[in-house]
Amino acid sequence: MPSTMPMRTDSDADRPRLAPHVRLTFDQARGGYVLLTPETVTLLNDTGAAILELCDGERTVGKILTELRDRYDLVADDEVRLFLDDLLAKRRLEVSRG
Amino acid sequence: MDRPFGLLAELTYACPLHCPYCSNPLNLDDYSDELTTQEWQRVLVEAKGLGVLQLHLSGGEPLLRRDLVEIVRSASGLGLYTNLITSAVGLSSRRAELLRAAGLDHVQISIQADDPALADRIAGTPSFERKKAAARLVKKLGWPLTVNVVLHRHNIDRVDRILDMVADLEADRVELANTQYYGWAWRNRDGLLPSRAQLERAEATVRATRGRLDGRMEIIYVVPDYYSRYPKPCMGGWGRRQLTVVPNGDVLPCPTAHALPLPRASVREHSLAWIWEQSPLFQRFRGTGWMPYPCQSCDRRGIDFGGCRCQAFQLTCDAARTDPVCHLSPDHGLVAAVVRAANSDTRPGRESLIFRLHPDRANMPRRAS
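Just so you know, the protein sequences line up as chains C and L, in that order. What the first sequence shows, in this note's numbering, is residues 2 to 99, in sequence order. What the second sequence shows, in this note's numbering, is residues 43 to 411, in sequence order.
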């Protein structure tokens with residue numbers, strides 16, 4: 002467990018992962034990825050799913066950005082960070098530091 | 043047509059607790075012919091095909107179903123997110139380990155208060171210490187834990203201590219849910235409804251604690267709709283996001299809709315897909331076409347969906363009226379009068395509560411005050 006659960010990623014060394022109650026899964030009926038908690042369903046676009054698949058608690062934010070750049074032509078770093086911060090604030094993600 | 047996200051599976055209405063705010067139906071004998079394991083497994087396959095992603099296993103007390111592990115294993119195999127909603131009475135280490143191995147994703151445990159004597163009095167049976175032990179077991183096994191505390195007049199002044207207790211249990215989430223007055227709880231409404239001053243103090247405590255915990259535990263606070271300007275958007279819209287299957291196989295758009303005078307729909311007679319898409323029950327209040335004045339022309343009709351059909355029926359005997367909780371409802375006076383009484387200087391310090399009786403259990407407290 003992380004010693005603190007900050008609400009923002011303030012460093013590219015942060016290592017995000019899904020919170021214990023959150024699951025990323027492919028929804029066959031609707032044909033897209035979804036993020037599940039006991040009470041919520043977040044429909045994801047392909048980019049969102051690609052980012053979250055990299056949030057394994059091992060990769061740093063910096064490494065996630067690098068891998069996304071390898072895969073996609075246009076990666077807006079700020080938008081990826083905003084996406085992660087939003088999920089952190091909603092407690093869908095946790096981060097480890099250092 | 044929308045596809046449902048969540049299935050609430052009420053496996054049995056048997057329960058070791060006797061909470062006065064129980065929302066299960068009054069006539070539990072009607073539900074004793076429970077679905078078999080095979081029938082539940084068929085329901086799960088059909089639910090998955092219909093688009094269901096989350097399965098909430100509830101009751102009554104779902105641990106009283108001997109096939110619970112088998113049902114969880116089937117759901118997990120289908121890729122459903124499985125959530126056990128339990129009193130935790132009967133959650134032994136052995137059972138918990140089997141459920142973990144079967145793929146259960148999340149556990150929600152109800153606790154009645156932070157004080158052992160008060161908690162046991164509300165539950166109508168000694169259960170507080172077992173619940174806390176079960177909560178620790180859940181965390182030890184690495185599960186995410188939500189603690190649910192139903193709030194009412196008799197425990198809402200202790201929200202600060204309740205939150206401390208839940209934080210000590212290292213819960214990931216706590217749900218503070220003000221009582222909703224359906225089923226058995228309806229009988230005890232006047233004794234359970236808190237005063238406005240109680241609510242304001244509780245809400246201030248929740249805000250302060252959220253700040254203090256700084257994100258370590260998620261606090262969900264479910265507002266009491268009698269004190270709201272607008273009604274709750276019942277189930278996110280009738281037949282729109284959720285469905286409930288009750289112990290005897292009846293399917294409902296919401297768990298309290300059994301009380302409404304509408305045609306039944308059962309998985310023993312029809313497929314879940316037919317029930318969701320075509321049954322008169324699920325069509326009845328879907329969308330906005332059924333809405334009366336003032337909902338029909340209201341900007342919030344796609345937010346509130348006219349409020350709760352069960353509440354409209356309970357208060358006005360007409361399920362097609364605007365939820366009287368809404369300040370725009372022509373029937374709002376019905377709610378205002380109850381709220382006035384709950385805040386009256388002449389309200390007794392403590393009304394007597396009628397504890398839930400279960401048909402198969404003889405020796406339980408009938409009344410306590």
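Everything labelled a hint here was simulated from the structure, so no lab data went into it. In this text the structure is predicted, and so the values were computed from the model without any measurement. Do not take every clue at face value.
Claimed, not checked - Think about it this way: if two alpha-carbon atoms lie no more than 27 Å apart in a straight line, the pair counts; the simulated BS3-like pairs of lysine-lysine are: (1) L:K274 <-> C:K64; (2) L:K181 <-> C:K64; (3) C:K91 <-> C:K64; (4) L:K182 <-> C:K91.
Cross-check of the supplied hints:
1. Annotation: proposed proximity of K274 of chain L to K64 of chain C is violated, straight-line Cα distance about 43 Å (limit 27 Å).
2. A distance of roughly 31 Å separates the Cα atoms of K181 of chain L and K64 of chain C; the hinted pair therefore is violated under the 27 Å criterion.
3. Restraint check for K91 of chain C and K64 of chain C: the C-alpha separation of about 23 Å stays at or below 27 Å, so the hint holds.
4. At most 27 Å may separate the alpha-carbon atoms for a hinted pair to count; K182 of chain L and K91 of chain C meet this at roughly 25 Å.
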